[in-house]
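J.: Using the sequences and the accompanying hints, generate a full structural model.
Protein chains: 2
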Amino acid sequence: MDGYFTPSFLARCAALAMILEVSGTPKPGNVDRDHDYAGTRYEDFLASAVGVYPVLEKACREGGIGSLILEASGESVRWQGGGNTHFGAYILLFPLLKAAMLGPPDRLRENAIDIVKETTVEDAVDFYRAFSVVDVRMKRPQDLGEAERALDVSSESAIDELRKRGITLYGVMQASSKNDMIAREWVDGFRRSFKAADKIFTKRRAGTMNDAIVLSYLELLAEEPDTFIVKKYDMDKALYVQGLAIDVLERRMTLRELSHRLYIEKINPGSTADLIIAGLFIALLNGMKV
Amino acid sequence: MDGYFTPSFLARCAALAMILEVSGTPKPGNVDRDHDYAGTRYEDFLASAVGVYPVLEKACREGGIGSLILEASGESVRWQGGGNTHFGAYILLFPLLKAAMLGPPDRLRENAIDIVKETTVEDAVDFYRAFSVVDVRMKRPQDLGEAERALDVSSESAIDELRKRGITLYGVMQASSKNDMIAREWVDGFRRSFKAADKIFTKRRAGTMNDAIVLSYLELLAEEPDTFIVKKYDMDKALYVQGLAIDVLERRMTLRELSHRLYIEKINPGSTADLIIAGLFIALLNGMKV
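Sequences listed follow chains Z and E, in order.
8 is the number of the first residue of the first sequence in this note's numbering; add one for each residue after it.
8 is the number of the first residue of the second sequence in this note's numbering; add one for each residue after it.
Quick caveat, the hints were computed from the structure, so don't treat them as lab data.
Incorrect hints may have been included.
Since the list gives no way to pick out one identical chain from another, each pair is judged satisfied if it fits inside one copy or across any two copies.
[What the hints assert, rightly or not] DSS-like cross-link-like pairs, simulated, lysine-lysine; straight-line CA separation at most 30 Å:
| hint | residue 1 | residue 2 |
| --- | --- | --- |
| 1 | LYS238 | LYS124 |
| 2 | LYS296 | LYS65 |
| 3 | LYS273 | LYS296 |
| 4 | LYS273 | LYS124 |
| 5 | LYS296 | LYS239 |
Quick caveat, the model's predicted, so the values are computed rather than measured.
T.: This is the structure in structure tokens:
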């Protein structure tokens with residue numbers, strides 16, 4: 008409670024980051040204010056963002072990262088029926104919320120790096136439990152080696168295995184970092200989250216909030232393949248989307264055409280959207296106005 | 008804290024009600040997810056709704072209605088630059104939040120009726136102070152008689168006058184109820200707020216959340232002239248809009264045509280939107296899912 012920011016301010020920045028992100032339109036392929044998927048609508052994301060508010064605030068005061076992700080996952084599906092809306096966002100937001108309580112914005116990144124390294128085996132256990140709440144698939148079993156397969160979240164023995172092998176949540180993220188760009192943020196010092204924040208902050212100075220979100224999203228998409236697409240389809244599909252985003256930035260295709268194509272093909276770059284949430288959170292606590 | 012609901016649940020219902028209302032589209036004439044006004048954008052409403060969360064939660068525990076409206080008005084403009092976004096909504100939500108803490112949903116209306124009658128002169132003073140924060144005009148001076156003019160919120164002596172004459176916030180609402188449909192809710196036992204809740208709840212069973220919001224809004228608009236329009240323009244203009252809403256319900260005009268016309272003419276039925284917020288709040292705490 009003696010931090011540079013209050014829990015209430017930080018929780019509002021985090022909830023608003025989730026709400027602004029899903030509102031940004033067109034954000035090709037993802038749910039936004041003008042695009043629903045059959046099972047998950049815009050309103051589900053809004054309700055989820057508001058519903059987890061108490062867990063966001065709690066994170067500033069207490070609770071392990073794993074148990075917070077578990078609790079947030081439960082709250083989220085209590086407020087809406089669209090399933091997994093913000094799982095990836097929690098993985099980024101909870102360490103950032105705790106880091107923001109430890110000091111001023113210019114220490115945020117180092118503090119977040121310290122916080123993820125301090126996670127425990129119990130954090131990992133709670134994190135695995137959270138999967139069953141929201142039914143997220145972290146890795147496809149066929150992509151795992153024999154040793155890794157025991158850690159696949161769909162495996163019932165995974166939790167026993169975590170304990171036996173003493174694997175912390177940071178260890179889980181290390182193991183996943185090659186194939187998951189959100190896990191990679193933990194290992195990589197939140198490199199792309201802060202990059203997203205810089206993009207959003209700069210673009211907001213020159214244009215509307217919506218433009219800042221959409222253009223930053225497009226640039227992130229053009230920079231690296233989205234691993235949510237890799238897991239749902241394969242790397243070829245992720246590279247295809249990355250190529251299309253580059254086409255839009257280089258004016259060979261319109262944003263509207265890209266948007267239309269990804270919705271038709273049901274390709275949602277969900278992890279890139281999570282980076283935008285983290286970026287918005289960082290930008291808001293640095294004083295960006297909507 | 009021994010109430011039927013927790014403060015955190017109620018505050019989330021209230022914030023989500025504000026977010027869902029402004030998201031409902033097309034809500035002819037008002038800001039919504041697809042319509043901004045030059046000075047007030049969709050994102051301003053989202054930021055305001057999230058920004059006031061701590062005041063919504065506080066209202067469940069403590070604070071006079073007037074001081075809560077004053078505090079919420081200050082928080083709202085701290086989070087966005089669009090000016091008055093939710094002033095009318097606060098007038099409805101704060102008594103309803105306090106009422107919801109006192110008992111189960113089937114006692115909500117009677118409890119809210121009791122709560123507004125218990126407001127004090129200090130509530131009235133804080134309420135008048137809140138006006139200067141958000142620059143809302145409750146009445147146009149030219150519409151006031153000599154005695155009433157002393158109570159016009161733009162008058163500097165108004166606060167002294169309130170104290171001298173011992174006028175409570177309930178008294179202010181009584182005096183305004185003829186010309187202001189939000190003030191009328193206090194005097195009328197929140198009649199139209201509960202009517203809005205019934206409409207929304209019933210329509211959500213049969214269709215999407217967005218359809219429930221838009222159709223309920225349209226029906227409210229067709230039932231009574233919006234007094235926000237009366238204050239901004241005049242009664243003729245409000246009756247004109249009411250007539251157009253009836254035309255849409257009776258299929259002589261499309262919703263899209265109505266929407267187009269009101270945005271072009273810059274007529275925003277803001278008080279009807281506030282009733283939708285109150286209705287959504289009541290429906291959410293009665294278990295409606297998004």
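J.: At 30 Å max between alpha carbons, let me know whether LYS296 reaches LYS239 within a copy, between copies, both or neither.
T.: between (35 Å within a copy, 29 Å between copies)
J.: Taking 30 Å as the upper bound on the Cα-Cα distance, should LYS273 and LYS296 be classified as within, between, both, or neither?
T.: between (33 Å within a copy, 26 Å between copies)
J.: At most 30 Å between CA atoms: does that hold for LYS238 and LYS124 within a copy, between copies, both, or neither?
T.: For LYS238 and LYS124, the Cα distance is within 30 Å only inside one copy (25 Å; across copies 59 Å).
J.: My question is about LYS273 and LYS124: at a cut-off of 30 Å on alpha-carbon distance, are they close within one copy, between copies, both, or neither?
T.: neither (36 Å within a copy, 55 Å between copies)
J.: With identical chains, the pair LYS296 and LYS65 could be close in the same copy or across copies; at 30 Å between alpha carbons, which is it: within, between, both, or neither?
T.: both (24 Å within a copy, 24 Å between copies)
Figure legend: structure checked against the earlier numbered hints; the only hint not met is number 4.
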